[in-house]
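Visitor: Here is how the chains run, residue by residue.
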Amino acid sequence: MDALMNFGQGVFGGAWPAVWALLKIVLIVAPLMLSVAYLTWAERKVIGYMQVRIGPNRVGPWGLIQPIADGLKLLLKEIIVPSGANKGIFIIAPMLAIAPALAAWAVVPFTDSLVLANIDASLLYIMAITSMGVYGIILSGWASNSKYAFLGAMRASAQMVSYEISMGFSLICVLMVSNSLNLVEIVNAQDHGRFASWGLGILSWNWLPLLPMFLVYLISGIAETNRAPFDVAEGESEIVAGFHVEYSGMAFAVFFLAEYANMILVSALTSIMFLGGWLSPVGFLPDGALWLFAKMAFVLFLFLWFRATFPRYRFDQLMRLGWKVFLPVCLVWLVVVGVWMMSPLNIWK
Amino acid sequence: MDFQTLVFFFLSAILIFASLRVITARNPVHAALHLILAFFTCGGIWALLQAEFLAIAIILVYVGAVMVLFLFVVMMLDINLDRIRQGFWSYLPLGAMLGILMVMEMGLVLGAKYFQVPAAEAMVPAGVSNTKSIGALMFTDFVYPFELASIVLLVGMIAAIVLTYRGPKRSKYTNPNQQVFVKAKDRVRVLQMPVEKD
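Line order of the protein sequences matches chains A and B. Residues in the first sequence are numbered from 51 upward in steps of one, following our numbering. Residues in the second sequence are numbered from 45 upward in steps of one, following our numbering.
These are calculated hints, taken from the structure and not from any lab test. Note that the coordinates shown come from a computational prediction; the quantities given were computed from them, not determined experimentally. No false leads were slipped in.
Okay, derived cross-link-like pairs now, DSBU-like style, lysine-lysine, Cα gap no bigger than 30 Å in a straight line:
1) B:213 x A:374
2) B:176 x A:399
3) A:197 x A:123
4) A:197 x A:127
5) B:229 x A:374
6) A:197 x A:137
7) A:374 x B:216
8) B:216 x A:197
9) A:137 x A:127
10) B:227 x A:374
11) B:213 x A:197
Just chain A, with the same shape it has in the complex (with noise of 0.2 Å):
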């Protein structure tokens, strides 16, 4: 590391701190592709095999190069910008779904030290920054000029918002638990507790005493990343594809990334919240982020199961749940947590 380090400075002089951080974001970025690449070939393989299939089998051993297949023919597609349709914004909103989903990783911790910014109100940054995703749905839908689009932007939006707000309840409960807003101490503080002191860490996890806040936090998470069975902002049976139904080529492939880009975030950060981020289950064997990853392809292998499993919500029941079900069980946890963490009882000490 020195080495490199001096290395750097050597070439680079003055500029090299900026060049380090510069590289660290690519050494984020780049496998985080490649992971939004390779969760698109295991979710049409996970949904094939559930559906007695096979999934893709054509392109390399097993259809592995599927993806890059599949990115390829996208990037080579015209992009077709409709008549009538706000040509700057048009642009503009793809980018605006995936920036969001790729800056929210700066603060997003692998291990204790291993992480970009270990700023101190990490928990609110990643709630601001996800908040802006929805820009790029709206936008896309209203720029469009299509219906379709229209109307599953308005769906997106409104679905994002109501959502977000139980998402915010279940995290209040667990910054409130680990009493900090540091990503890194909240994982920290899931390794204390009688059953982590027996060895038996991943019953000291948030996930345990928490548990209705870890699963409003999950299904909002799914809903969030407007995925089945809430994706009733695509719903392709009703209004085609909802807000991409006018994109073509890169621009249309930019929301898909978005949208695999924020299931992996979604699943990174429920891993960190609720299931120990990279903290081992058992005593016996080491810390480290490969538990991160473990407990992330968990995560992921959760989404994709729903969406083989469940048929999408009418869009009547999905606010039903989201504000007449979910808002109540937040506010009443948040009270019982608040009881129990005065009490002698207080498991979190």
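Starting from the known structure of chain A, fit chain B onto it as the hints suggest.
Guide: The following block gives chain B in isolation, referenced to the frame of chain A:
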């Protein structure tokens, strides 16, 4: 000029440009988008002043929630610019007077603070969490103003509901709450029929 000053001027330039576009843009959606840009840049300037909680809060609340709904409304408006411009000259004196008054008030408040308090005093020592101290102050020293503000917000919310409430719904509608609790045996009856032989 150090790096922070450079960032400050960069953000300020964007902020001024965006604010000007808010009032000059012909397309209301463009105006709303520039307002979002203005809020975001404002958050950046606050972060530069080490008020990270305020910076994130403005992005979370205004950019992430308020402006989404606002943009939503603006997109569906059918605005006729000529009709809006009709009364421009008759409204100008009143509008200009209010504008000048607001600028004077802002000048008094900001100027007084700017000229008397040395800049060094506002510096925050490293390691102090902005969010924590604001939270502590909000629920100790400023608990009454804070609760009062929340009551004002609640009143505003109820007022909005009352204003848009059009009496009970007379039309038939489905209750999603009842629908999701429906069991198959309430809806489907399986009949046992004896096999008919000929």
